Amino acid sequence: MSQTAIKNGYYGDFGGSFVPEDLQEVLQYIGEQYEKYKNDPEFNEELEYYLREYAGRENPLYLAENLTKQLGGAKIYLKREDLNHTGSHKINNVLGQILLAKRMGVKRVIAETGAGQHGVATATACAMFGMECTIYMGAKDTKRQALNVFRMELLGAEVVAVDKGQGLLKEAVDEAFADLVANYKNTFYLIGSAVGPTPYPEMVEHFQSIISKESRAQHLAKEGKLPTAVVAAVGGGSNAAGAFYHYINDEEVRLIGVEPAGAATLSKGSPAVFHGFKSYVLQDEEGNLLDTESIAAGLDYQGVGPLHAYLHTTGRGEYVTATNEEVLEAFKTLSRVEGIIPALESSHAVAHALKLAPTLSPEDSIIVNVSGRGDKDVEQVFAMLNK
Amino acid sequence: MSQLKDAILATTANGDKAFVPYIMAGDGGLEKLQSTISKLQELGVTAIEVGIPFTDPVADGPTIERAGERALANGTTLRKVIETLAGFASEIKVPLVAMTYLNPILAYGVEQFAQDASAAGIRGVIIPDMPLEEKDIIHPALQEANIALIQLVSLTSTPERVERLTKASEGFIYAVTVNGITGARSSFANELEEHFAKIQDYTDTPVLAGFGISSPDHVKSFGAFCSGVIVGSKIVDSLANDDWATIEELVLASKVATVR
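Sequence lines, in order, name chains A and B. The first sequence runs 1 to 387 under the UniProt record's numbering. The second sequence runs 1 to 260 under the UniProt record's numbering.
I should point out that these hints are in silico values taken from the structure, not numbers from a laboratory. Fair warning: this is a prediction, and the values are worked out from it, not measured in the lab. Treat the hints with caution; some may be incorrect.
A partial selection of chain A residues facing chain B, derived with a Cβ cut-off under 7 Å [unchecked claim]:
1) 22
2) 37
3) 177
4) 288
5) 313
A few chain A positions that, by computed beta-carbon distances, are all more than 12 Å from chain B [as the list claims (entries may be wrong)]:
6) 12
7) 23
8) 68
9) 226
10) 361
Backbone N, C-alpha and C define an ideal beta-carbon position, used for all residues, glycine too.
Working from the sequences, and respecting the hints, build out all of it.
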């Protein structure tokens, strides 16, 4: 990415660090540590080791031939983040941040989680690195992702159900920040999405950028050129940030983010300061946050990472929406046609690819980021389809 | 100059300590705001901190957060609070301090907010999620309207940061006395006294202690080494229970007759 895009934690007008005084220095310290290690060869060697040997990277860029044939347009490639250990892209960032926490000498890790994927990934890494782990999760999310709660507990994490407000990701983030303020001396807050105050968005994007680093090289090797478009689901925006990152300067590659119609932050929101940063947010005219509604817990969030707000306002990124019905249809289609059950979050990207591919020519190609696998959603979808 | 600072200095000149209660506007209905403010004035408070409810109150403890949820459920908004205050502005005798997050002000419009707030008797604002580094977003408009921008100074801050925050703070300095969020606590860290002395070294602006003060004893023990106290959760709880006796005891503890 061009160096002018990010300056002092700002992406154009977006980003920054809008947190209470108690947190300012804690965050500054984390930022300094991140800057110190992100280009450290030893740190990166260790990170690469765990990404390869533990998470199972690199994962395939798979040509979905059946789906391509059925849609009769652009070639569809699937970036298989669902094949990572723990079943989603979340592990990429978790391994990066936990290695940072380890170097900072911290023994306790906390995290927020929406769908549970980030919580599971964090609990997993904490188990492996022998760290104490507390996961904050909205009470409503703990109910619709009960198996992930069990998974985290199995991995030795304490899961705290946050029964406030809507009981969703927002409330979980609030609780995690409160914990960090009270326990910053021995605790690292491992944020899973590309949101929050500086340095988190940049840090998460950096650790997730492995997705596009791989996919770009893989696509070049297979097709001898860059893809026409990269499509990824956007909630907070971490998988999309990772999927777009190394294409941002490739102006000919379309970057398409797909939001849930019921939480369409970029399509329907406006700039605001929330959760410690400035970005697009779904708010009323008084500046209070609006409720969201998505079948994908991982996208059920009022805000969006500052990188996406920046790409949206500069026109570099295209942000579209998918309805719950379209998402369910995509979930079923990819399962049936390719034998790949995508997460409901990832199904947003699939849903848009189903619309986009037929409008393009066979010379075009689309990379769809399959950010996670759908096993966790099967029970929920079963209930919805048999209502 | 700052009416807020003057009010605090006038209080301490008598030997009393400043007492600033925090109330959540709209908790129990906005129609209660006038009578609450007038009763607090009668008890002899120095200023009143008026909390504006927000959907994402990252710096509030559970008591105030719940009060905020009740106020939001009543339809309370920044706009309505200012309108309500403006309706009885002539009867407001003590300076008001608005405690609000940044986003409602941005949605209101920074300049308009400063003008309307000033007309409604607001003489200071506390914006907990706006760091000093970002104060230019609002500071010029507040200066224009003669509203003090109050900084929070935390125990976790380095000496350099304490110095910068202290020097930038207007009206008074809001010293955060317990790590973390607001709420009643029973014990206090030992390093507090030193912390306050350090802050007062940098400025003649009065320092008030906040976050966690919940008994007349707390009021007195903090009063011993700063200019006064801000009491939040305990006041909010007492107001919700219509327990004015508790509030009166707290205010009395700040008066010279009871301060040793």
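Notebook entry, point to check: Where does the structure disagree with the numbered hints, that is, which hint numbers, in rising order?
Noted result: Violated hints (numbers, rising): 2, 5 and 7; every other hint is consistent with the structure.
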